[in-house]
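J.: Given next are the chains, with one letter for each unit.
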Amino acid sequence: MSDTQWPRFEVFKQDSHADRHAGVGSVHAPDGEMALLIARDVFVRRPDCVSLWVAPAQRISSFTVQQLASAAPPLRGSHGRGPESFEVFKKVHHKGVHTHVGQVTAETPFDALRAACQDFAEPPAHVWWLVPSASLVRSEPADSDSFFEPALHKPFRDQAFYRIQTLLRRLKKAGLAQKDGE
Amino acid sequence: MREQVAMGDASTAQSSRPDEAVLLRQFEARIARGQKIEPGDWMPEEYRRQLIRMISQHAHSEIVGMLPEGEWITRAPNLRRKMILLAKVQDEGGHGQYLYHAAETLGVTREEMIDGLLSGRAKYSSIFNYPSLTWADMGTIGWFVDGAAILNQTMLAKCSYGPYARAMVRICAEESFHMKQGKEMILLMSQGTPAQRAMVQDAIDRWWQPTLMMFGPHDKDSPNTPTLARWGIKTKTNDELRQTFVNQVAPEVLAIGFTLPDPHLHRDEASGNWVYGPIDWDEFWRVVGGDGPCNRQRLAVRRKAHEDGRWVRAALQAYAERQAQS
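In order, the protein sequences belong to chains A and W. Heads up, the first sequence is in the working numbering, so the first residue is 6 and it goes up one at a time. Heads up, the second sequence is in the working numbering, so the first residue is 3 and it goes up one at a time.
Hints were generated in silico from the structure; no laboratory data involved. In this text, a Cβ means the ideal position worked out from N, Cα and C, and glycines have one as well. Keep in mind that a hint or two might mislead.
Listed below are several chain A residues computed to face chain W (Cβ distance under 10 Å; list not exhaustive) [to be verified]:
#, residue
1, D24
2, G28
3, F48
4, S67
5, Q164
6, F166
7, L172
8, K177
Below are the DSS-like pairs computed for lysine-lysine, each with C-alpha atoms no more than 30 Å apart in a straight line [what the hints assert, rightly or not]:
#, chain 1, residue 1, chain 2, residue 2
9, W, K84, A, K159
10, W, K160, W, K84
11, W, K222, W, K238
12, W, K125, W, K160
13, W, K306, W, K222
14, W, K160, A, K100
15, W, K306, W, K84
16, W, K238, A, K100
17, W, K306, W, K125
18, A, K177, W, K306
19, W, K125, W, K222
20, W, K160, W, K238
Whole structure, please, built from the sequences with the hints as guidance.
T.: Take a look at the structure:
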């Protein structure tokens with residue numbers, strides 16, 4: 006029965022080259038390669054994406070400010086494998102999403118958190134996510150044509166495509182319902 | 003921050019945890035200040051339970067909601083309408099996935115939720131148990147059903163649980179296209195042949211009452227609402243949302259020359275509200291309880307899709323395992 010309960014991957018989408026990667030949600034997949042493909046189908050039906058990253062949820066160390074204040078941050082993978090690079094994501098605003106702010110190098114996720122708290126102190130975060138850089142799977146610039154290009158040519162997915170108010174005005178001008186004219 | 007981090011020794015932390023009452027006060031104060039609750043934060047068990055119930059029902063509704071419209075993709079009258087309908091149904095599949103994943107952050111698995119749907123234990127919106135009989139149903143579902151859903155979802159986009167609110171923001175942005183394509187279709191058909199207009203009127207007659215039922219029981223019969231309001235999950239009541247919907251849609255339907263199947267419907271000059279007649283709650287509960295026109299058919303289609311997809315899942319799994327070995 007458990008053939009759909011694959012590992013979860015968090016998905017980060019870059020809306021334009023001027024934007025940072027920001028968390029949009031998650032997908033289930035048997036591996037990172039498939040996670041990237043599913044993420045493309047689930048999160049890129051609109052033409053606002055230039056790059057996608059997926060990160061296995063079990064490799065993400067998450068710390069909320071409340072957890073840190075209660076002095077019991079959940080520690081995961083606290084045994085170091087030597088220094089490695091971590092991607093740092095911060096959720097700054099209550100209504101915001103987890104947004105990529107940069108990298109730190111550290112032995113453990115917890116050390117990475119300490120480093121991130123120093124390097125990216127401002128503005129204060131509500132939630133920190135630290136992800137080993139090597140565990141991310143990223144779309145390549147060469148994928149762009151097959152991944153992101155098709156959504157550009159589907160303007161009917163945008164609500165602005167439907168000129169409802171114009172149509173209503175035109176109907177009203179024309180005497181509204183045909184019923185009146187019959 | 004460094005001080006707090008340095009204190010974070012998990013082994014000693016458990017003994018110093020504040021009690022439930024204090025945590026609940028802090029939790030409710032955070033919500034009152036407009037803060038979002040995130041996975042990992044403390045939350046009352048009832049908050050978690052209610053959210054899992056609501057989000058999973060919402061996810062199932064998106065998934066089952068693909069069916070009444072999916073039946074018409076091959077019968078769309080032209081390529082433009084076919085591409086639009088295909089895109090709309092595809093969005094709904096995506097929305098179901100956003101929501102399953104938002105619910106998962108509360109500690110339930112997607113597997114458990116899908117199992118609940120396929121076994122018939124889980125509920126989904128009663129509206130999708132009505133049949134879509136003509137092409138005019140596609141326009142009417144978009145205008146009425148998606149229009150009603152947007153009102154509910156716009157409220158939920160402001161809810162206190164971060165992952166649900168974020169999923170809703172994404173869904174609302176995409177869903178306005180669903181409503182507008184339907185409304186556009188009905189506006190155009192209102193100018194069409196007598197047969198087309200009769201088709202629209204028939205669709206309106208069938209979908210109006212079930213759409214009003216979508217908002218759920220009257221406030222006096224909706225025991226969860228006060229708690230859900232205090233915890234910032236539902237900030238408007240069923241009756242408030244239903245009234246907003248009727249006020250928006252009724253005058254426009256009448257203005258383009260159609261009627262609504264409610265002899266009591268009129269505008270109350272004093273309040274400005276459109277007053278509607280009694281809703282058949284016996285029918286609502288019958289449909290919710292599994293005995294609507296299409297309940298069995300909908301679940302049978304979902305079960306078949308799940309079974310038919312089994313070999314694809316097995317293939318993906320086998321590929322991943324082989325890649326991991328090499």
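J.: For every hint, state whether the structure bears it out.
T.: Tested hints:
no.	hint	in the structure
1	D24	violated (16 Å)
2	G28	holds (8 Å)
3	F48	holds (8 Å)
4	S67	holds (6 Å)
5	Q164	holds (4 Å)
6	F166	holds (7 Å)
7	L172	holds (5 Å)
8	K177	holds (8 Å)
9	W:K84 to A:K159	holds (12 Å)
10	W:K160 to W:K84	violated (33 Å)
11	W:K222 to W:K238	holds (14 Å)
12	W:K125 to W:K160	holds (23 Å)
13	W:K306 to W:K222	violated (39 Å)
14	W:K160 to A:K100	holds (9 Å)
15	W:K306 to W:K84	holds (24 Å)
16	W:K238 to A:K100	holds (19 Å)
17	W:K306 to W:K125	holds (19 Å)
18	A:K177 to W:K306	violated (47 Å)
19	W:K125 to W:K222	holds (21 Å)
20	W:K160 to W:K238	holds (11 Å)
Violated hints, in rising order: 1, 10, 13, 18; the structure is consistent with all others.
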